[in-house]
Amino acid sequence: MGAQLRVYKRRIRAITATKKITKAMEMIAASRIVKAQRKVAASMPYATELTRAVTAVATGSNTKHALTTEVEAPTRAAVLLITSDRGLAGGYSSNAIKQADRLTERLRAEGKEVDSYIVGRKGVAYYGFRERKVTDSWTGFTDSPAYADAKRVAAPLIEAIQTETADGGVDELHIVFTEFVSMMTQNAVDGRMLPLSLDQAQEEDGAKGEILPLFEFEPSAEDVLDALLPRYVESRIYNALLQSAASEHAARRRAMKSATDNAGELIKSLSRLANAARQAEITQEISEIVGGASAMADATAGSDK
Numbered sequence: 001m002g003a004q005l006r007v008y009k010r011r012i013r014a015i016t017a018t019k020k021i022t023k024a025m026e027m028i029a030a031s032r033i034v035k036a037q038r039k040v041a042a043s044m045p046y047a048t049e050l051t052r053a054v055t056a057v058a059t060g061s062n063t064k065h066a067l068t069t070e071v072e073a074p075t076r077a078a079v080l081l082i083t084s085d086r087g088l089a090g091g092y093s094s095n096a097i098k099q100a101d102r103l104t105e106r107l108r109a110e111g112k113e114v115d116s117y118i119v120g121r122k123g124v125a126y127y128g129f130r131e132r133k134v135t136d137s138w139t140g141f142t143d144s145p146a147y148a149d150a151k152r153v154a155a156p157l158i159e160a161i162q163t164e165t166a167d168g169g170v171d172e173l174h175i176v177f178t179e180f181v182s183m184m185t186q187n188a189v190d191g192r193m194l195p196l197s198l199d200q201a202q203e204e205d206g207a208k209g210e211i212l213p214l215f216e217f218e219p220s221a222e223d224v225l226d227a228l229l230p231r232y233v234e235s236r237i238y239n240a241l242l243q244s245a246a247s248e249h250a251a252r253r254r255a256m257k258s259a260t261d262n263a264g265e266l267i268k269s270l271s272r273l274a275n276a277a278r279q280a281e282i283t284q285e286i287s288e289i290v291g292g293a294s295a296m297a298d299a300t301a302g303s304d305k
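According to UniProt numbering, the residues represented by the sequence shown are 1 to 305, in order.
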């Protein structure tokens with residue numbers, strides 16, 4: 001019985017130490033969510049206005065450009081998947097990967113070849129384990145992305161959209177990331193970055209009661225779109241990276257809170273078992289003492305006779 005009690009105490013000490021770690025990770029993640037939310041909020045106006053500018057330029061001219069012109073029969077698409085570098089974040093990365101798999105299947109069903117670009121070690125490891133081809137990948141910054149990281153990710157994608165498919169380029173750019181809705185809700189979503197859907201952009205502006213401004217282009221609309229192309233792609237990717245980072249921290253906080261709560265329940269359960277084992281040990285010792293005293297009394301009575 002004493003050995004069993006020692007086992008319970010050892011497990012309680014180990015789980016208590018783990019609980020302290022998960023609680024600390026929960027608090028760290030909670031503090032990082034606030035910073036990530038501020039960055040997301042700060043990036044939204046720039047991304048929104050840049051999209052409006054591109055839409056205004058495209059609708060105000062008849063220029064054919066990679067930003068706005070859809071290929072009649074697209075044959076190749078690039079998919080950028082954003083996952084995390086670290087684990088312990090619940091289903092954050094797996095949900096994004098599943099969304100990318102669904103998008104890839106849909107594009108292939110439409111007769112398009114898919115080039116995969118991945119951000120985050122989890123996504124790279126998933127594709128590597130399944131021996132899937134990855135055109136390019138980036139790691140090491142998913143929990144705190146900077147605009148320089150977005151530029152680095154955007155560079156090969158911009159080059160791909162500007163290259164003919166016969167030379168290894170693509171007709172479309174898609175992105176899969178985790179949209180931050182609230183502390184409790186994060187959704188894996190996908191969207192087409194290029195070509196920009198002008199009808200959708202105009203509908204969004206119309207729903208907000210906004211009218212697109214009219215521009216005069218100098219030297220030409222095509223030159224303006226050439227200048228806007230990298231900025232547009234970079235801003236979209238940067239915003240997606242920031243939303244994904246906020247979602248990752250929220251998912252990790254939720255996972256660590258669940259682990260902390262479970263550890264607390266397990267400690268309570270083990271404490272009850274330890275108390276029961278201690279009580280049984282005490283009862284056994286009392287029984288042995290009483291039994292020994294009774295035996296000694298019987299022996300003494302026998303010797304007196």
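Worth flagging that the hints you see were computed from the coordinates, not collected in a lab. Predicted model, so just to flag it, every value in this text is computed and none were measured. Where hints are given, some of them may not hold.
[What the hints assert, rightly or not] Derived CB-CB ranges, DEER-like: (1) E105 with E70: 41 to 49 angstroms; (2) R231 with D261: 40 to 48 angstroms; (3) A109 with R11: 47 to 55 angstroms; (4) T185 with G264: 21 to 29 angstroms; (5) A155 with A73: 53 to 61 angstroms; (6) N187 with I28: 20 to 28 angstroms; (7) A73 with K20: 54 to 62 angstroms; (8) R11 with K98: 13 to 21 angstroms; (9) K64 with G140: 36 to 44 angstroms; (10) E265 with Y147: 41 to 49 angstroms; (11) T163 with I28: 36 to 44 angstroms; (12) A109 with E159: 22 to 30 angstroms; (13) L266 with E159: 50 to 58 angstroms.
Note that CB positions come from ideal geometry on N, CA and C, so glycine has one too.
Hint check:
1. E105 with E70: 41 to 49 angstroms: At roughly 21 angstroms between Cβ atoms, E70 and E105 fall outside 41 to 49 angstroms, so the hint is violated.
2. R231 with D261: 40 to 48 angstroms: Given a distance of about 45 angstroms, which is inside 40 to 48 angstroms, the answer is holds.
3. A109 with R11: 47 to 55 angstroms: Since the Cβ atoms of A109 and R11 sit about 52 angstroms apart, the hinted range of 47 to 55 angstroms holds.
4. T185 with G264: 21 to 29 angstroms: holds, 25 angstroms
5. A155 with A73: 53 to 61 angstroms: violated, 27 angstroms
6. N187 with I28: 20 to 28 angstroms: holds, 24 angstroms
7. A73 with K20: 54 to 62 angstroms: holds, 59 angstroms
8. R11 with K98: 13 to 21 angstroms: For R11 and K98 the Cβ distance comes to about 36 angstroms; the hint is violated.
9. K64 with G140: 36 to 44 angstroms: The hint (36 to 44 angstroms, Cβ to Cβ) holds, given that K64 and G140 are roughly 38 angstroms apart.
10. E265 with Y147: 41 to 49 angstroms: holds, 44 angstroms
11. T163 with I28: 36 to 44 angstroms: holds, 43 angstroms
12. A109 with E159: 22 to 30 angstroms: holds, 27 angstroms
13. L266 with E159: 50 to 58 angstroms: Once the Cβ atoms are compared, 53 angstroms apart, the range 50 to 58 angstroms for E159 and L266 holds.
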